[in-house]
Amino acid sequence: MVSSDLDAATGKHLADKYAIVGVGETPYLRGAGSGRTTRALGTTAIRAALNDAGMKASDVDGMLSYSGNDSTFSPFLAGDLGIRLNFYMDVHGGGSSTEALIGIAIGVIEAGMCKSVVIFRSMNGYSQVRIGGTGARSAVPVSGDQIHSRAYGWQAAGQMFAPTFLRHMYDYGTKPEQVAMVKVAHSQHASNNPKALYKKRMTVEDVLSSRMIVKPLHLLDCCVETDNANAIIVTTRERAKDLKQHPVLIRSVVGRCCKPRIDMHYQHGPISTVAGHYAKEILWPNAGVGPEDIDVTGSYDAFTFTTMLQLEDYGFCKKGEGGDYVSNGTIQLGGKRPNNTSGGHLCEGYTHGIAMVIENVRQLRHDVDDSCPVGADGRRQHTYDYSEGGCRQVKNAQLSANLGWAMPGTGSAMVMRRG
Amino acid sequence: MSLQGNYLGMGLSVDDLDIENIEYFRHCAAHDFHLQECTSCKLVRYPPTTACPWCMSGESRWMKVEGKGTVHSYAEVHHAIQPAFKGHTPYHVLLVDLDTQKGKPSEHEALRVVGNLTTPDGTLATPDQVARVGIGTRVRMVFSDVSEGLSLPQWTIDEAAAQPAHPWRYPE
Chain A
16 MVSSDLDAAT GKHLADKYAI VGVGETPYLR GAGSGRTTRA LGTTAIRAAL NDAGMKASDV
76 DGMLSYSGND STFSPFLAGD LGIRLNFYMD VHGGGSSTEA LIGIAIGVIE AGMCKSVVIF
136 RSMNGYSQVR IGGTGARSAV PVSGDQIHSR AYGWQAAGQM FAPTFLRHMY DYGTKPEQVA
196 MVKVAHSQHA SNNPKALYKK RMTVEDVLSS RMIVKPLHLL DCCVETDNAN AIIVTTRERA
256 KDLKQHPVLI RSVVGRCCKP RIDMHYQHGP ISTVAGHYAK EILWPNAGVG PEDIDVTGSY
316 DAFTFTTMLQ LEDYGFCKKG EGGDYVSNGT IQLGGKRPNN TSGGHLCEGY THGIAMVIEN
376 VRQLRHDVDD SCPVGADGRR QHTYDYSEGG CRQVKNAQLS ANLGWAMPGT GSAMVMRRG
Chain B
59 MSLQGNYLGM GLSVDDLDIE NIEYFRHCAA HDFHLQECTS CKLVRYPPTT ACPWCMSGES
119 RWMKVEGKGT VHSYAEVHHA IQPAFKGHTP YHVLLVDLDT QKGKPSEHEA LRVVGNLTTP
179 DGTLATPDQV ARVGIGTRVR MVFSDVSEGL SLPQWTIDEA AAQPAHPWRY PE
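So the sequences go chain by chain: A and B. Take 16 as the starting number for the first sequence in the working numbering and just add one per residue. Take 59 as the starting number for the second sequence in the working numbering and just add one per residue.
Hints listed in this document are in silico derivations from the structure and should not be mistaken for laboratory results. Note that this is a predicted model, so its numbers are computed, not measured. Do not rely on the hints blindly, as some may be mistaken.
Label pairs and their computed distance ranges (CB to CB) [to be verified]:
| # | chain 1 | residue 1 | chain 2 | residue 2 | range |
| --- | --- | --- | --- | --- | --- |
| 1 | B | S60 | A | D278 | 38 to 44 Å |
| 2 | A | D400 | B | Q221 | 52 to 58 Å |
| 3 | B | M59 | A | G305 | 53 to 59 Å |
| 4 | B | R190 | A | P156 | 28 to 34 Å |
| 5 | A | C273 | B | A88 | 54 to 60 Å |
| 6 | A | R62 | B | Q187 | 15 to 21 Å |
| 7 | A | D278 | B | G194 | 25 to 31 Å |
| 8 | B | I77 | A | P90 | 58 to 64 Å |
| 9 | B | K162 | A | S402 | 54 to 60 Å |
| 10 | A | G83 | B | Q221 | 55 to 61 Å |
| 11 | A | G349 | B | I77 | 57 to 63 Å |
| 12 | A | G94 | B | A88 | 52 to 58 Å |
| 13 | A | G48 | B | Q221 | 23 to 29 Å |
Covered stretches of chain A, as calculated for chain B (at least 3 residues, CB under 8 Å) [what the hints assert, rightly or not]:
| # | segment |
| --- | --- |
| 14 | 276-287 |
| 15 | 328-340 |
Computed list of lysine-lysine pairs in BS3-like fashion (alpha-carbon distance at most 27 Å, straight line) [to be verified]:
| # | chain 1 | residue 1 | chain 2 | residue 2 |
| --- | --- | --- | --- | --- |
| 16 | A | K333 | A | K32 |
| 17 | A | K333 | A | K351 |
| 18 | A | K334 | B | K162 |
| 19 | B | K160 | A | K334 |
For glycine and all other residues, C-beta sits at the position ideal for the given N, C-alpha and C.
Here chain A stands alone, though its shape is the one from the complex (with noise of 0.2 Å):
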């Protein structure tokens, strides 16, 4: 692949066009749910997107979403809000949409069918429609092509990706200890976030003895399923000059890029590569910066393994040097590159990648929401010390990379800068 043949699309023509001027999002919770509709809980959040961009109903026109049959479309939610409606989709799909959704953002704002686009994921994904696959989804009747995988009780996300994970370790000699890193470091990261669900921090010793689900991950591997609607809001650079927050610029996006195969991504090997391996040809050169550049990653981390595999094929390390870059230190608050300083989806809470987006856009306006004092301007204070319930704001942020998951042979991929 060439990448000036994708310039046209980002790169040299797009970079910096584009902002992330808007983000909120609900309580991440479990126990007994949020109690309200994916209606409700993404109303919640649109709008905690609007005040913090400082805009009104009338300055979106635009709206993209993203489910598994587990939310409420767009026109529900405008109507709601009293957003009247240039262009709207609500498309299917879970992890990698995010960074996806930005794209074609931008790409109906520069066709001048919109001005600006919220996004949103709203989704009970503990109290209604388990995104493990538990519950009555676990039981429903198995048809066509699901035959040649669910009839073999090879139906969950962590079942089908074990495969790949197995044969990481195998090619590369990766150790448990090494991506157990991926939990420890990120727990310690939610620890110094108020919004996230679990803020206790973890050992790689905890995360070992942790029972087995499907090896090679145990319990502590996994994410946590959570209730809760998150948005972000797109549009030109321009026109962020006049909203509320210090701008965050979009330099270049990857949506969804695939494997070969992608019907049954295993025929086509090495199956200890991921998607990122595609994906990194088209999202460096456009952006023109590689992962040397980056400050701050936000790798999808539905598993551990996850994130680890997607650093690697990126390249923020040579292949198969995955388990020893995750582990030493690098990915930590205070390391060279912390990756998901909320906690992520194994501490926050679980949103498809959306949440990943809002915490890297935070730390690109120098304002993480952590425990820091709020200084006179209504900004806080960050202190730098990232010991239990202090700070999580990465020094100097200046550029970021989210790394979306949807399965081994796809991914999506975002780089920002500061404005």
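Based on the hints, put chain B in the right spot on chain A.
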């Protein structure tokens, strides 16, 4: 005609328009493993598809394929989520490189056929058998009969084959 069946309490069905899957399972029901061979480029493909992933041809013929291969990777499930499998943990989902067409048309490609580890009669394997199998284990295909016209291809340890001294398994 559509296929219907009940396997471990789990409903299975193939729609009558899905002629590729119906033909695939019809051969399995006769305990014969057949895959589509492209009439144009002669490559064999798995699972059943409506066109050739290498040359786009829509024409294919069903060809008998030997059900022997090597475990490429696996999922060893200890916490089942589907009711059908709750009583059968731990169970193996095996991804098996068929000997047929391995390494073709490119080095990292193979016909990687999914199945559970079972006993030779197609019953889900015991925990002892699960513990013997890892990457590199030689396996042969057997079938679990579901209903008329519908059997599932499965894998059992190929006791007649030379086995690796230590197939690779997740460290205990």
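To see whether the hints hold, each was checked on the structure:
Separation of B/S60 from A/D278 is about 22 Å and departs from the stated range, judged on CB atoms against 38 to 44 Å. For the pair A/D400 and B/Q221, the supplied restraint of 52 to 58 Å holds, since their beta-carbon distance comes to about 56 Å. In this structure the supplied range 53 to 59 Å holds for B/M59 paired with A/G305, their Cβ-Cβ distance being about 57 Å. The hinted range of 28 to 34 Å is satisfied by B/R190 and A/P156, whose Cβ atoms lie roughly 33 Å apart.
A beta carbon spacing of about 35 Å between A/C273 and B/A88 contradicts the range 54 to 60 Å that was offered as a hint. Here the CB-CB span from A/R62 to B/Q187 is close to 56 Å, at odds with the stated 15 to 21 Å. Checked against the hint of 25 to 31 Å, the C-beta distance between A/D278 and B/G194 comes to roughly 27 Å, which is consistent with it. Range check, B/I77 to A/P90: Cβ separation about 38 Å, and the 58 to 64 Å hint is violated.
For B/K162 and A/S402, the hinted distance range of 54 to 60 Å is satisfied, since their beta carbons lie about 56 Å from each other. Between A/G83 and B/Q221 the CB atoms are about 42 Å apart, so this pair departs from the stated range of 55 to 61 Å. For the pair A/G349 and B/I77, the supplied restraint of 57 to 63 Å holds, since their beta-carbon distance comes to about 59 Å. Against the hinted window of 52 to 58 Å, the Cβ-Cβ separation of A/G94 and B/A88 comes to about 57 Å, which satisfies the hint.
Remark: the range hint 23 to 29 Å for A/G48 to B/Q221 is contradicted by a beta-carbon distance near 50 Å. A stretch counts as covered by a chain when three or more of its residues have a beta carbon under 8 Å from one of that chain; for the segment 276-287 of chain A and chain B the count is 9, and the coverage holds. Proximity of the segment 328-340 of chain A to chain B, defined as three or more residues with a beta carbon under 8 Å from a beta carbon of that chain, is not established by the 0 residues found. For the hint pairing A/K333 with A/K32, the CA-to-CA distance comes to about 32 Å; that exceeds 27 Å, so the pair is violated.
For the suggested pair A/K333 and A/K351, the alpha carbons sit about 16 Å apart, so the restraint of at most 27 Å is met. A distance of roughly 24 Å separates the Cα atoms of A/K334 and B/K162; the hinted pair therefore holds under the 27 Å criterion. For the given pair, B/K160 sits about 24 Å from A/K334 by alpha-carbon distance, which is consistent with the 27 Å threshold.
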